[in-house]
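Chain E is already provided as a structure; the job is to place chain A on it using the hints.
Going line by line, the protein sequences match chains E and A.
Each residue of the first sequence is one higher than the last, beginning at 1 in our numbering.
Each residue of the second sequence is one higher than the last, beginning at 1 in our numbering.
If you're looking for bench data, these hints aren't it; they were derived computationally from the structure.
It is possible that some hints are incorrect.
Which copy is meant is left open, because identical chains are indistinguishable; a pair holds if it fits in one copy or across any two.
Subject to a maximum C-alpha distance of 20 Å in a straight line, what follows is the list of computed SDA-like cross-link-like pairs (lysine to any residue) [as the list claims (entries may be wrong)]:
1) Lys202 - Gln136
2) Lys216 - Gln227
3) Lys197 - Phe92
4) Lys102 - Glu177
5) Lys202 - Ser49
6) Lys228 - Ile218
7) Lys197 - Ser49
8) Lys102 - Gln185
9) Lys96 - Gly126
10) Lys9 - Lys94
11) Lys216 - Lys228
12) Lys228 - Glu217
13) Lys202 - Ser134
14) Lys202 - Gln75
15) Lys102 - Gln181
16) Lys197 - Ile218
17) Lys9 - Ala52
18) Lys202 - Glu55
19) Lys9 - Lys21
20) Lys102 - Glu178
21) Lys78 - Tyr51
22) Lys197 - Gly10
It should be emphasised that the depicted structure is a prediction, and the values quoted were computed from it without experimental measurement.
Protein chains: 2
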Amino acid sequence: MVSVAIVGKGNVGFHLYYELKKKNLNVAQFSSREQHQLKTFDVAIVAVSDYAIAEVSKNIECPLVVHTSGTTSIQGLKNPGRKGVFYPLQSFSKEKLIDFSKVPICIETEQKQDEKLLRFLSEYLGSDDYLMTSTQRNYLHVAAVFASNFTNHMYEIAKHLCDRYDVPFQILFPLIEETAQKIQQLSPNEAQTGPAKRNDLKTIRNHLHLLADSHKEIYQLLTGSIQKYGKKL
Amino acid sequence: MVSVAIVGKGNVGFHLYYELKKKNLNVAQFSSREQHQLKTFDVAIVAVSDYAIAEVSKNIECPLVVHTSGTTSIQGLKNPGRKGVFYPLQSFSKEKLIDFSKVPICIETEQKQDEKLLRFLSEYLGSDDYLMTSTQRNYLHVAAVFASNFTNHMYEIAKHLCDRYDVPFQILFPLIEETAQKIQQLSPNEAQTGPAKRNDLKTIRNHLHLLADSHKEIYQLLTGSIQKYGKKL
Chain E
1 MVSVAIVGKG NVGFHLYYEL KKKNLNVAQF SSREQHQLKT FDVAIVAVSD YAIAEVSKNI
61 ECPLVVHTSG TTSIQGLKNP GRKGVFYPLQ SFSKEKLIDF SKVPICIETE QKQDEKLLRF
121 LSEYLGSDDY LMTSTQRNYL HVAAVFASNF TNHMYEIAKH LCDRYDVPFQ ILFPLIEETA
181 QKIQQLSPNE AQTGPAKRND LKTIRNHLHL LADSHKEIYQ LLTGSIQKYG KKL
Chain A
1 MVSVAIVGKG NVGFHLYYEL KKKNLNVAQF SSREQHQLKT FDVAIVAVSD YAIAEVSKNI
61 ECPLVVHTSG TTSIQGLKNP GRKGVFYPLQ SFSKEKLIDF SKVPICIETE QKQDEKLLRF
121 LSEYLGSDDY LMTSTQRNYL HVAAVFASNF TNHMYEIAKH LCDRYDVPFQ ILFPLIEETA
181 QKIQQLSPNE AQTGPAKRND LKTIRNHLHL LADSHKEIYQ LLTGSIQKYG KKL
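Excised from the complex, chain E in its bound form (with noise of 0.2 Å):
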């Protein structure tokens, strides 16, 4: 059976100890600032802040060390020994149990015996698994930023106009809801609808005038885009 030791006792290192220990797997979990002799363990997750894993990985004496880092090359650990990546795409918050069904796992190592490890413990966790070099990580990254705090900023900006105007947000809930489940039949292109995609200028003229300066360049910068991709496509 494989052994894992978690260096680090936030959100990622939290929820990756508490749910590999519930499933029995023989995992232990350090302080960041703890010595790190884990030589007896099989791999070492490094589960700390981007900017602390070179110091925190160089003093790592595991056979294998990974971190978990959207942003981070592989190359960023300064660890003695082997390297890989294990970087689980999902927004996680401490009082939040997660379903690691739900969690995809980029991974990345410089040897396959590795690779094989990593994979066996995305699967013990029950999530999808997902090869990927350090460049397409970054892009990933990336994408999940407009995928999910751009998205979630203009949910704010909704409801934002919702309640200057005593509208409840909560009658949002259902299209964000279906905009968000259509992508997965549909792509985005094709999902696309509204007054920017069928060009429909009186309604343009008619938004952009109920909306504040700050509103009105986001609405005019997007709408121009949305345009763009549908010639584009």
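For chain A alone, kept in the frame of chain E given last:
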């Protein structure tokens, strides 16, 4: 029992007719080009394009005429009789059956008795209804553009980045779903994560470096906007 005439054979007309018929309401459907002697019906629902509402409604003789538009004021109807609005907030497509329990309906009437009738219809469809003025509906419509069209465009850009670097887009589906679900428990402001929110300049710089100019502009504007909202609230 209430009797309903549906005028218009587009997506909204089709789905309303189909659903009411299925549920055995007394309902008939007419094309928008037919003569409209609809005096024997209790209500005529004009489900046509925004620009056609005035022209189509002006010839309808029915005690109550309502339109289904998010952006048109109740005064956009030109029928001689009573007026109202019955606006289903969802994106309809003909190929896909609609679950009306997930279609909130925004109602506006000039007279209380008509409000009762429209709420009965909404309940009959299994929908939640919301009383709303034309002004509120107008702001809701622009909020929906942010929450749905612009959000879908964020997915589109994310897919573009994934495709370009051979990363399967589906890897983002769980994150997209989680982002859409989360705001039913937390406000979008509380739910926000990512480099803009935590002012992680190193990651932001790295992302900007990866993006083409058109995406860079969107990234910068939305990052700035997230940070403004972070301070404001």
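Hint-by-hint comparison with the structure:
{"no.": "1", "hint": "Lys202 - Gln136", "result": "between (41 Å within a copy, 18 Å between copies)"}
{"no.": "2", "hint": "Lys216 - Gln227", "result": "both (16 Å within a copy, 17 Å between copies)"}
{"no.": "3", "hint": "Lys197 - Phe92", "result": "between (34 Å within a copy, 15 Å between copies)"}
{"no.": "4", "hint": "Lys102 - Glu177", "result": "both (16 Å within a copy, 9 Å between copies)"}
{"no.": "5", "hint": "Lys202 - Ser49", "result": "between (48 Å within a copy, 12 Å between copies)"}
{"no.": "6", "hint": "Lys228 - Ile218", "result": "both (15 Å within a copy, 13 Å between copies)"}
{"no.": "7", "hint": "Lys197 - Ser49", "result": "between (40 Å within a copy, 15 Å between copies)"}
{"no.": "8", "hint": "Lys102 - Gln185", "result": "both (18 Å within a copy, 18 Å between copies)"}
{"no.": "9", "hint": "Lys96 - Gly126", "result": "within (18 Å within a copy, 32 Å between copies)"}
{"no.": "10", "hint": "Lys9 - Lys94", "result": "within (11 Å within a copy, 50 Å between copies)"}
{"no.": "11", "hint": "Lys216 - Lys228", "result": "both (18 Å within a copy, 15 Å between copies)"}
{"no.": "12", "hint": "Lys228 - Glu217", "result": "both (17 Å within a copy, 14 Å between copies)"}
{"no.": "13", "hint": "Lys202 - Ser134", "result": "between (46 Å within a copy, 17 Å between copies)"}
{"no.": "14", "hint": "Lys202 - Gln75", "result": "between (53 Å within a copy, 17 Å between copies)"}
{"no.": "15", "hint": "Lys102 - Gln181", "result": "both (14 Å within a copy, 13 Å between copies)"}
{"no.": "16", "hint": "Lys197 - Ile218", "result": "both (16 Å within a copy, 18 Å between copies)"}
{"no.": "17", "hint": "Lys9 - Ala52", "result": "within (13 Å within a copy, 61 Å between copies)"}
{"no.": "18", "hint": "Lys202 - Glu55", "result": "between (57 Å within a copy, 17 Å between copies)"}
{"no.": "19", "hint": "Lys9 - Lys21", "result": "within (14 Å within a copy, 58 Å between copies)"}
{"no.": "20", "hint": "Lys102 - Glu178", "result": "both (18 Å within a copy, 9 Å between copies)"}
{"no.": "21", "hint": "Lys78 - Tyr51", "result": "within (12 Å within a copy, 64 Å between copies)"}
{"no.": "22", "hint": "Lys197 - Gly10", "result": "between (43 Å within a copy, 18 Å between copies)"}
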